[in-house]
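> Read off the chains here:
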Amino acid sequence: MSNYFFEVLRPGINTTFQDKGRFHMQHLGVTPGGCMDLDAFLIANALVENSPNEGVLEFAYQGPLLKLIKGKTKIAITGNVLFQIIKPDQDILKGECNRTYTLDEGDQVNILATQESVYGYMALEGGFDLKPFCKSVSILSRAQIGPNEGKKIKISDQIKIKVNRKNKKIFLCEIEKKNKKIIRVLKGSQFDYFSKESQKDFFTKEYKISNLTDRMGMRLEGTHIKNIVSTNIRSEGITKGAIQVPADGQPIVLLTDHPTIGGYPKIANVTSVDYNQLIQKIPGKKISFELIKLHEAEQLYKEHLNSISKIIKNITEIN
Amino acid sequence: MFKKLNNIGDCGIVCDFGEEVNREINSNVIKLFHHIKEKVLDGSLKGIVNYTPSYNKLIINFDLDKINSYKIIDFLKSVDFSKLNLFQKSKKWTIPICYDFEIDLGNISKILKMEKEEIINIHLNTNFFIYMVGFIPGHPFMGDLNPKLFLNRLKTPRVKIPPGSVGIVEKFCNIYPYESPGGWNIIGRTPTKLFNKENEIRPCLLSPGDTVKFKLISKKEFGKLANE
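Going line by line, the protein sequences match chains A and B. Quick note, the first sequence lines up with residues 4 to 322 if you use the numbering used here. Quick note, the second sequence lines up with residues 5 to 232 if you use the numbering used here.
Read the hints as simulated data drawn from the structure, not as lab findings. Quick caveat, the model's predicted, so the values are computed rather than measured. Heads up, some of the hints might be wrong.
[What the hints assert, rightly or not] Think about it this way: if two alpha-carbon atoms lie no more than 27 Å apart in a straight line, the pair counts; the simulated DSS-like pairs of lysine-lysine are: (1) Lys-43/B x Lys-138/A; (2) Lys-87/B x Lys-199/A; (3) Lys-305/A x Lys-43/B; (4) Lys-41/B x Lys-138/A; (5) Lys-197/B x Lys-138/A; (6) Lys-70/B x Lys-305/A; (7) Lys-197/B x Lys-134/A; (8) Lys-184/A x Lys-90/A; (9) Lys-217/B x Lys-117/B; (10) Lys-23/A x Lys-163/A; (11) Lys-181/A x Lys-70/B; (12) Lys-8/B x Lys-87/B; (13) Lys-138/A x Lys-201/B.
Construct the entire structure; sequences and hints are all you get.
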């Protein structure tokens, strides 16, 4: 245990600790949660040579301003993030994503904004010193579960660091930026509840991401989807990426912090391969949906995981 | 046993047991839930990350990197329900309730044209079965209440309901683990904590398949238990 820590000078809008999530508890009403963008999370940890499930800081839109009060550490920021490293002499270094930075006592990390995206991640060499709850350090702020009393990071919080920096090596990796407008989906459990015309509309018309979007769900605006059977169903377990359509005909995509059970008919389900693409889209953006087959979704996801492994394998040291 | 086995997304399976909401159908859901949970926790079924029972369905979520739906469906088809025991893994709970903290009993009494005491007696004499737990952590959906107490949800849900509040709707009874919004008819309150973050091993008191009987306590006893 060290006594090294950051102080939070500005918390950011929605800054939490996250890992892969908390599993085997959905039957008790505890949603898995975890990082919204698992790719960016994995890459952040790999850059600072952490194990793949080490907890990281997740931020949305505006991130935190952190000051390293005591200790030496190494960080990596992933996503598409505008940030600076401010030295004690006020020298400002413009930050680059997907590479490591060594921090010394008195240094500040100023995470200004995520650019054309929602979520960004900061991993720390050796990890943050956090108390897990049921094997996960993911914060579920709605139920106040997880470290930091299950709450978002706030001003003056102290963020503890597990270990002192091992070396000054700098690592970086190349990531190809993707910005797909088409999100691939599979048919939902109640696909037949919707009129033939609405089924067609859903796959041909554009839907706008509304401001009512958070870690729990994404509300879409667009052509009304007509239910011809029943707008209520028996409550049933919910899966990440399910697209439900309540009585108002406007689809809602259920995201990482989804309720554990719910009762609206589901027209489709976002594929695992495109989930990270979707959650990074900012409100106001338009998307459309493409129906694919299960075996295609499985194959695409496998290829996707391989591409992430390749990025991680190609992390290089620079001098 | 299954009416349907379907995929939900590329990393989930829905086991559908039929349309009705009754104990018989839910018992099969819970039997399968216990069976899968046991297999996952003893390590013989790898890659499954969640198993969520509801009234008539069990949803199984898995890690697509470790297993696929074909293997899980093969496993599900091989399950022999006649060998699964429902009550072996279920617990019986007695939960204290103080009806002095009711919000809606007066109104219910008018709607149902029954005395408050009669409503309380029916509630106290019901052996509740937990169909499912969820929506928020630790929140049980229990049945079956005597049809005499059939009520709809409140027309306008309340913004805030105190933690521990016990509500009824249709043939179901619930307990609000946290202060939360809600539309159920509140008939009393329990001092029992349903979700305890300090308890890492067993944070949630009630599990699907458990049975619950309520025990009447006074306001004074409520105060004592709440402070324990």
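> Are the Cα positions of Lys-305/A and Lys-43/B separated by 27 Å at most?
Since the Cα atoms of Lys-305/A and Lys-43/B sit roughly 26 Å apart, the hinted pair holds (cutoff 27 Å).
> Assess, step by step, whether the Cα of Lys-138/A is no farther than 27 Å from the Cα of Lys-201/B, and give holds or violated.
holds, 13 Å
> Decide if the proposed pair is consistent with the structure: Lys-23/A and Lys-163/A, CA atoms, cutoff 27 Å inclusive.
Satisfied, since the Cα-Cα distance of roughly 20 Å is no more than 27 Å.
> Is the hinted pair Lys-8/B and Lys-87/B satisfied, with a Cα-Cα distance of at most 27 Å?
Holds, at roughly 21 Å.
> Hinted pair, alpha-carbon criterion (27 Å max): Lys-43/B, Lys-138/A. Please report holds or violated.
Distance of about 19 Å is within 27 Å: holds.
> For the pair supplied as a hint, Lys-70/B and Lys-305/A, confirm whether the alpha-carbon distance does not exceed 27 Å.
holds, 11 Å
> Does Lys-41/B pair with Lys-138/A here, judged by a C-alpha cut-off of 27 Å?
holds, 17 Å
> Check whether the Cα positions of Lys-87/B and Lys-199/A lie no farther apart than 27 Å.
violated, 43 Å
> Hint check: Lys-184/A vs Lys-90/A, CA-CA at most 27 Å. Holds or violated?
It is violated: about 39 Å lies between the C-alpha atoms, which goes past 27 Å.
> Is it true that the CA of Lys-181/A sits at most 27 Å from the CA of Lys-70/B?
Given that 27 Å is the threshold and the Cα spacing comes to 26 Å, the pair holds.
> Are Lys-217/B and Lys-117/B close enough, with their CA atoms no more than 27 Å apart?
Holds: Lys-217/B and Lys-117/B sit about 25 Å apart, inside 27 Å.
> Is Lys-197/B within 27 Å of Lys-138/A, Cα to Cα?
Since the Cα atoms of Lys-197/B and Lys-138/A sit roughly 22 Å apart, the hinted pair holds (cutoff 27 Å).
Violated hints, listed in ascending order, are 2, 8; each of the other numbered hints is respected by the structure.
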